[in-house]
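Under our numbering, think of the first position of the sequence shown as 25, with each following residue one higher.
Rather than coming from a laboratory, the hints here were simulated on the basis of the structure.
This one's a predicted model, so the numbers in the text were calculated from it and none came from an experiment.
Here a beta-carbon is modelled for each residue, glycine too, at the ideal position from N, C-alpha and C.
Heads up, some of the hints might be wrong.
[Stated by the list, open to error] Using C-beta positions, here's what the derived DEER-type ranges look like:
| id | residue 1 | residue 2 | range |
| --- | --- | --- | --- |
| 1 | Val-38 | Glu-92 | 25 to 35 Å |
| 2 | Ala-251 | Asp-45 | 48 to 58 Å |
| 3 | Gln-336 | Pro-105 | 34 to 44 Å |
| 4 | Glu-114 | Gly-35 | 22 to 32 Å |
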Amino acid sequence: MKAIQFEEYGGSEVLKYMDVDIPELGDREVLVNVKAIGVNYADIARREGKYVVPTPLPFIPGAEIAGEIVAVGKNVTQYKPGMRVVSLIESDAYAEFAKAHEVALAPIPNGVDFSDAVALPLQGQTAYHILTTMGRLEKGETVLVHAAAGGVGAISVQLAKLFGAGKVIATASSDEKLAHAKKLGADHLVNYTEEDWEQQVLELTDGKGVDVALEMVGGDIFDKTLACLAPFGRLVIFGAASGEQAHLYPAQLMRKNQSVIGFFLPQIVSKPELYLKSFKELLRYIESGELELTIGGTYKLEDAAEAHQDLQGRKTMGKLVLIP
Numbered sequence: 025m026k027a028i029q030f031e032e033y034g035g036s037e038v039l040k041y042m043d044v045d046i047p048e049l050g051d052r053e054v055l056v057n058v059k060a061i062g063v064n065y066a067d068i069a070r071r072e073g074k075y076v077v078p079t080p081l082p083f084i085p086g087a088e089i090a091g092e093i094v095a096v097g098k099n100v101t102q103y104k105p106g107m108r109v110v111s112l113i114e115s116d117a118y119a120e121f122a123k124a125h126e127v128a129l130a131p132i133p134n135g136v137d138f139s140d141a142v143a144l145p146l147q148g149q150t151a152y153h154i155l156t157t158m159g160r161l162e163k164g165e166t167v168l169v170h171a172a173a174g175g176v177g178a179i180s181v182q183l184a185k186l187f188g189a190g191k192v193i194a195t196a197s198s199d200e201k202l203a204h205a206k207k208l209g210a211d212h213l214v215n216y217t218e219e220d221w222e223q224q225v226l227e228l229t230d231g232k233g234v235d236v237a238l239e240m241v242g243g244d245i246f247d248k249t250l251a252c253l254a255p256f257g258r259l260v261i262f263g264a265a266s267g268e269q270a271h272l273y274p275a276q277l278m279r280k281n282q283s284v285i286g287f288f289l290p291q292i293v294s295k296p297e298l299y300l301k302s303f304k305e306l307l308r309y310i311e312s313g314e315l316e317l318t319i320g321g322t323y324k325l326e327d328a329a330e331a332h333q334d335l336q337g338r339k340t341m342g343k344l345v346l347i348p
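Given these sequences and hints, build the entire structure.
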């Protein structure tokens, strides 16, 4: 089969379109004829050797697949060849075929296409759990969503409203992206390239601050986001896209009873009662039309390097998808 693989860390040029063996199945795994692959910042971190866990070489990146089952392991009981499924996998998604463990699969409803479904395993689940499981969002609270036109951000804006947020403040880097966030349901818009953006957020909350803040940039953005947090507020960290580490002085959280919470999706996957419930709920939201997914770009598998360049260059909105 064809796949994208890299044998050294580096820029997008290390991604090679090549022939590799079709993976062999374990007893509880299924083989999927991949129809759509999700592209994420985690794939870039893998490629650069900067991911939160080690990346062995050679490596086939990618963690999101949607497609049709073509074979099943001998102990698989819930799935059969021909079924349409979506899954989060540890790696090896950038390929024509991929294997997935049956506990990580979710059936795709007939009314949902592969490209929409593949936006859910990582970005949809992340948005869902940073708001609920980690952020403990309550009805009527105010939520701050950074990069609100991006993959996680666009879903977070909509889910926050679905979950009862009283106010969603969206940030983005351009008027076009802010307009998209407004279309998705954001109540207030802030351009975070402006130096005083955190003061704008505070003014929008009458000086109180936000109850839940979603942060994945790091560095100065973290510091300013923390300054926007209300008493009893929760700041959830789910990335460090800038590559800069923030400096946190824990005692500063005491004055307003604030929390800074880390989020790493594999910990959710390890708890099927959380992972599968949210997966099925997200698919229902898409099928019913309550959740609108933004596909920001569709690329051929062999053009994965171009997809990485566009994502890293902040040239896109929403989800990027590879098609084998």
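Now the hints, each set against the structure:
| no. | hint | result |
| --- | --- | --- |
| 1 | Val-38 to Glu-92: 25 to 35 Å | holds (30 Å) |
| 2 | Ala-251 to Asp-45: 48 to 58 Å | holds (52 Å) |
| 3 | Gln-336 to Pro-105: 34 to 44 Å | holds (37 Å) |
| 4 | Glu-114 to Gly-35: 22 to 32 Å | holds (23 Å) |
Taken one by one, the earlier hints all hold for this structure without exception.
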